[in-house]
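In the order they appear, the protein sequences are chains Z and U. Residue numbers 1 to 349, in full-length UniProt numbering, belong to the letters of the first sequence in order. Residue numbers 1 to 722, in full-length UniProt numbering, belong to the letters of the second sequence in order.
These aren't lab readings, by the way, just hints derived from the structure by calculation. Don't take every hint at face value.
Okay, the calculated beta carbon distance ranges per label pair [claimed, not checked]:
#: 1; chain 1: Z; residue 1: Asp-167; chain 2: U; residue 2: Gly-355; range: 39 to 45 Å
#: 2; chain 1: Z; residue 1: Val-221; chain 2: U; residue 2: Arg-404; range: 29 to 35 Å
#: 3; chain 1: U; residue 1: Arg-404; chain 2: Z; residue 2: Ser-73; range: 26 to 32 Å
Just a sample of chain Z residues kept apart from chain U, beta carbon distances all over 12 Å, derived [stated by the list, open to error]:
#: 4; residue: Trp-49
#: 5; residue: Asp-167
#: 6; residue: Ala-233
#: 7; residue: Asn-252
Just some of the chain U residues that point at chain Z, by a computed CB distance under 7 Å [to be verified]:
#: 8; residue: Phe-51
#: 9; residue: Leu-60
#: 10; residue: Val-61
#: 11; residue: Thr-62
#: 12; residue: Ala-70
#: 13; residue: Gln-73
#: 14; residue: His-105
#: 15; residue: Leu-142
#: 16; residue: Pro-177
#: 17; residue: Asn-400
#: 18; residue: Leu-402
Since the structure is predicted, the reported quantities are computational estimates derived from the model, not experimental observations. Think of the CB as a built atom: it goes at the ideal place given N, C-alpha and C, for glycine as much as any other residue.
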Amino acid sequence: MYLTNTIYCVLLSIAASLSFTYGIEIPENFQKSNHSNNWAVLVDTSRFWFNYRHVANVLSIYRSVKRLGIPDSQIILMISDDMACNPRNPRPATIFNNAHEQINVYGDDVEVDYRGYEVSVENFVRLLTGRVPPDTPRSKRLLTDEGSNILIYLTGHGGDGFLKFQDSEEITSQELADALEQMWEKRRYNEIFFIIDTCQASSMYEKFYSPNILATASSLVGEDSLSHHVDSAIGVYIIDRYTYYVLEFLENVHPNSKRSMSEFLAVCPKSACLSTVGVRKDLFKRDPDKVPITDFFGSVRPVIITTDPIDILDIPKRKKKPENKTKVSEKREYLPQFPMHLVQNTKTG
Amino acid sequence: MGLLSDPDVGSVKWVKILKKVHGPLCFLCYVGALVWFVMLGNKEFNNETYFSENALLPGLVTNEFNGENAAKQFYSELLLEMEDKYEDLDDMPVPWLVGKMSQLHLEVYTHNFTLNYPMGQGQVFQGTNVYGILRAPRTSSLEALVVTAPYRALSTHQKGTAAGIALMLAFAKFARPQKYWAKDIIFLVTEHEQLGMQAWLEAYHGLQSDAETFHTSLGSFWKPGSPSLDFGSYFPGFGWEGDHKKCLNPGKLKGRSGSIQAAINLEFSTPKIKYIEVKIEGLNGQLPNLDLVNLVHKLCLKSGIHHSYRNSYSWMRGRNKMDEWTNSFRTMFDMVLSQIDGVPDGNHGLFHRFGIEAVTLEGRDAQDPGGAAPRAHALSTANFYRLGVALESILRSLNNLLERFHQSYFFYLLAATHRFISIGQYMPSLCLLCVAMLIRALSLWVTTIQQDGDEETDKQESKKTSKHKPEKEKDSDTEELGDQKVEEVKKVPKPKGKKKVDDLSMSVVNIGANYLLVHLIGYAVMNSPFILSYIGNYFDKPSEFAVYHGLLAISVFLTIVTPVMPRVLRKGRITYEELSLVNILVLIELSTVCLSVGMNNFSLGFVIAVVYTPLALMCSVVVSGGGKKSAFYLMIKRIVCLLVHPLVAVSLSMIVYSSFLFPEEGFLGMLGRGSDAAMQATMFSIVDSMIYGNWLFNLSTAVILPIWIIFWQILSIKVNAP
Chain Z
1 MYLTNTIYCV LLSIAASLSF TYGIEIPENF QKSNHSNNWA VLVDTSRFWF
51 NYRHVANVLS IYRSVKRLGI PDSQIILMIS DDMACNPRNP RPATIFNNAH
101 EQINVYGDDV EVDYRGYEVS VENFVRLLTG RVPPDTPRSK RLLTDEGSNI
151 LIYLTGHGGD GFLKFQDSEE ITSQELADAL EQMWEKRRYN EIFFIIDTCQ
201 ASSMYEKFYS PNILATASSL VGEDSLSHHV DSAIGVYIID RYTYYVLEFL
251 ENVHPNSKRS MSEFLAVCPK SACLSTVGVR KDLFKRDPDK VPITDFFGSV
301 RPVIITTDPI DILDIPKRKK KPENKTKVSE KREYLPQFPM HLVQNTKTG
Chain U
1 MGLLSDPDVG SVKWVKILKK VHGPLCFLCY VGALVWFVML GNKEFNNETY
51 FSENALLPGL VTNEFNGENA AKQFYSELLL EMEDKYEDLD DMPVPWLVGK
101 MSQLHLEVYT HNFTLNYPMG QGQVFQGTNV YGILRAPRTS SLEALVVTAP
151 YRALSTHQKG TAAGIALMLA FAKFARPQKY WAKDIIFLVT EHEQLGMQAW
201 LEAYHGLQSD AETFHTSLGS FWKPGSPSLD FGSYFPGFGW EGDHKKCLNP
251 GKLKGRSGSI QAAINLEFST PKIKYIEVKI EGLNGQLPNL DLVNLVHKLC
301 LKSGIHHSYR NSYSWMRGRN KMDEWTNSFR TMFDMVLSQI DGVPDGNHGL
351 FHRFGIEAVT LEGRDAQDPG GAAPRAHALS TANFYRLGVA LESILRSLNN
401 LLERFHQSYF FYLLAATHRF ISIGQYMPSL CLLCVAMLIR ALSLWVTTIQ
451 QDGDEETDKQ ESKKTSKHKP EKEKDSDTEE LGDQKVEEVK KVPKPKGKKK
501 VDDLSMSVVN IGANYLLVHL IGYAVMNSPF ILSYIGNYFD KPSEFAVYHG
551 LLAISVFLTI VTPVMPRVLR KGRITYEELS LVNILVLIEL STVCLSVGMN
601 NFSLGFVIAV VYTPLALMCS VVVSGGGKKS AFYLMIKRIV CLLVHPLVAV
651 SLSMIVYSSF LFPEEGFLGM LGRGSDAAMQ ATMFSIVDSM IYGNWLFNLS
701 TAVILPIWII FWQILSIKVN AP
């Protein structure tokens, strides 16, 4: 009894001090949920200059999620073509998402993880399922766990039941659904919010069968997704309608916003999009009305609550290691994602 | 194939019906084909044009062209230069052009070429092209666009092109500092019209003077260096090859860029034009990709410049349906007529054979030698600014291209600036004509084998197989290859094996030998002009006179001699069956030729089919001993046959054409003009064939002439009734 009491006391005091110092309360939902971290996978699948708008789409979303708090290390950005360096670009080294050209979405702090021909169906599926080659750098891995909320945003050219990659191959809706199921089986996510902005986009999520997925698409089967406007100085269609209105909405969202997911799902009415936005909620257990948008767009920083005092004054002294330059540096590898060494009764090879 | 080998085929129901109705059926097909062709002009039968290529992004970009003053200055300077120094000369102001281009910081080169005129006394012409390359600033020189203008001296009777050159230079000045070019732009000024362009293109693509001409290098299986009959060694000092190997020496280019994706040819004599005529027809009737044509029309519209294509004017929209129909039909028909001769109607036409899409923009005034447009006076006059804007937006759109034009149609007819007829829509009319000939062939076949069957029942089986086999194989040969020479070579050995089973009334060897000989004659006629002009030189006659009259003499000679030919080659008289078989063969050959030519140049194939189908349907084996009536019919048939002789047809059409152009002249004057024109036309087609690789002359001598000879043989030989 005594022990639990003290624990409660400490917890309360920590919570109180947190709320006092930062003015932020830890939301109740948050404490109860399994959700412990946020990831985003943002993919532009099409290349060529006339698909400038797809790159602008994905970079705009990238900018928004980053502003809302997901760090670059947890954003996987895949861009198929380099519009900024395209010789046709009259504004070299920039990409804009609006004819006013106020924001260069290809600024200094953009980290593209997969670029050019690295954006392939194989790499995309490997990324999702975590079956990457062992020498893949961390920046190209989706290091999620069972507490991760993942935002997946895809844009490019699609058709009924497929999404085209690089003008040369395509991923089918079944393949994508199977990949997500594998993720679920490998406990790689807690919840997924899936956005796709292509023609006939809703066909891509119709095959999904894994739990905890909320999906939305810019158009229904049989509809085209349209571009929003032309930047006549650059001479291209600069952004797609759906993404344009999503951005308009996200610009007013802040890390502390109380906006719900259902507001996000209604962001582009048919009068604005000219195509019907499709939503699939049946796999998602919660009510989108009550899910804050920051569950997917914001970020949860890992918080560890401890009762043991940590002596921060005890600075560990650096030990001079004997130099062994002659030795071949030992090969380092990442720890296995799943803590196998803690599991008993298994033989590790 | 039960039809060909079944001995009871004569009694099958449809065969009976076919025999009864084939005459009206063929006639119906012929009329149907013509009706179909006329209907193509109707709005219901053709389509609105559209863009297939996504990459073009036409007209999305704001225009920034600011070179109006520069263009005006270039224009006046160029005119001054031409008047000062080149008043009486045909030469191009090369130093001026090089100087101006260098001042614009282009990479400037000159290119010299030489033409050894293939006919006559071996005159040598020389010329110089000037071109400047604008290198794309941020990418490697792998792809290029070409902006070109022909140079025309002041003394020429054609419209000048000074404004076109000035516009090009002003555009180069504007484009040079821009940083968005993804392809090099080559600014080219050519001399001697198409000759300079041909030389430059050949040099650009590395064709050397010792390489063969385009058509000889394309169609032959003959690898250079393989053993061959060399007539030259037997007759030293006489170029049997017609010397066309060396006729145009394209020289070498000092500077190159990447593969050319598209070209725009500018022909503006003055900036104050009323409208732009977009010219598309190229060598051998080849057309640029429809996307490029659409692009040009659309961007002209967007830049506020009136544009036209033949009878279709952008500012004239039909008041009623009938009006629209006649207008579209006239436009389409004009296009067909201009495609027949296969001569490009501008410098753009030579690009096509290198797989480069190109069009010519010709500026036209209200009273233009090219034809007066209705209500053109009321149009606002264009200026350098608008022309420059149009050129800029076309080139920026082309700059967006990622690969060569390949999405849209290459085979089409235009019914208006914004309406087209695709290959799938116009081919049925040509197919119907060929179907008429094939139905005729089929009905002849079933008639022949039935007569055989009636006479000799015991030998039936062997004969059927012997006849049907060569027939079948020949049929497939013609369809697959359409190449006369190969076909003939294959034909000869075949009948030999069958000799034993043949009886007296049917000798395939005799027929085959005659057939082969006739085609060899055609091939010889194709190669005759060089010898004719050589002989003409000997008698001090101009080569065009010598060639035309030589061909005329050859034609008369052939007309007299060829009917006797089958008799010389054999012992007995030719039989009815043999001649019927020849008739069937020639029908199949003609329809195959029409279809295969029509696949490449619809207009030519269609016109050949329209002219020759009546003859083919009329022609039948003549049985001796008919009444007066049949003699009269025979006379008519022979006259028709003589009228469609290639040379006669050309001369006649020229006479008719000149009577349209100069209606005030008398009959004799008309004849004189017509034959002069025919002389010129023949000579042009021969020279075009040698320099540019135009097919028309080769086709009409090596293919159409033999077919005509065979028809003439069939009509001239009387045989006994079976």
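Verification of the hints:
1. Asp-167/Z to Gly-355/U: 39 to 45 Å: Since the Cβ atoms of Asp-167/Z and Gly-355/U sit about 22 Å apart, the hinted range of 39 to 45 Å is violated.
2. Val-221/Z to Arg-404/U: 29 to 35 Å: Between Val-221/Z and Arg-404/U, where Cβ atoms are some 34 Å apart, the hint holds.
3. Arg-404/U to Ser-73/Z: 26 to 32 Å: Given range 26 to 32 Å: violated, Cβ gap about 44 Å.
4. Trp-49: violated (6 Å)
5. Asp-167: With a cut-off of 12 Å, Asp-167/Z comes too close to chain U, as the shortest Cβ separation is near 9 Å.
6. Ala-233: violated (6 Å)
7. Asn-252: holds (30 Å)
8. Phe-51: violated (11 Å)
9. Leu-60: holds (5 Å)
10. Val-61: At 3 Å from the nearest chain Z Cβ, Val-61/U passes the 7 Å test, so the hint holds.
11. Thr-62: holds (4 Å)
12. Ala-70: Because about 21 Å separates Ala-70/U from the closest Cβ in chain Z, which is outside the 7 Å limit, the hint is violated.
13. Gln-73: violated (27 Å)
14. His-105: Hint violated; His-105/U Cβ to chain Z Cβ min 18 Å, cut 7 Å.
15. Leu-142: Given a least distance of 11 Å, the restraint on Leu-142/U is violated.
16. Pro-177: violated (12 Å)
17. Asn-400: holds (6 Å)
18. Leu-402: Hint on Leu-402/U: holds, closest Cβ of chain Z at ~6 Å, below 7 Å.
In this structure, the hints that do not hold are numbers 1, 3, 4, 5, 6, 8, 12, 13, 14, 15 and 16, in rising order.
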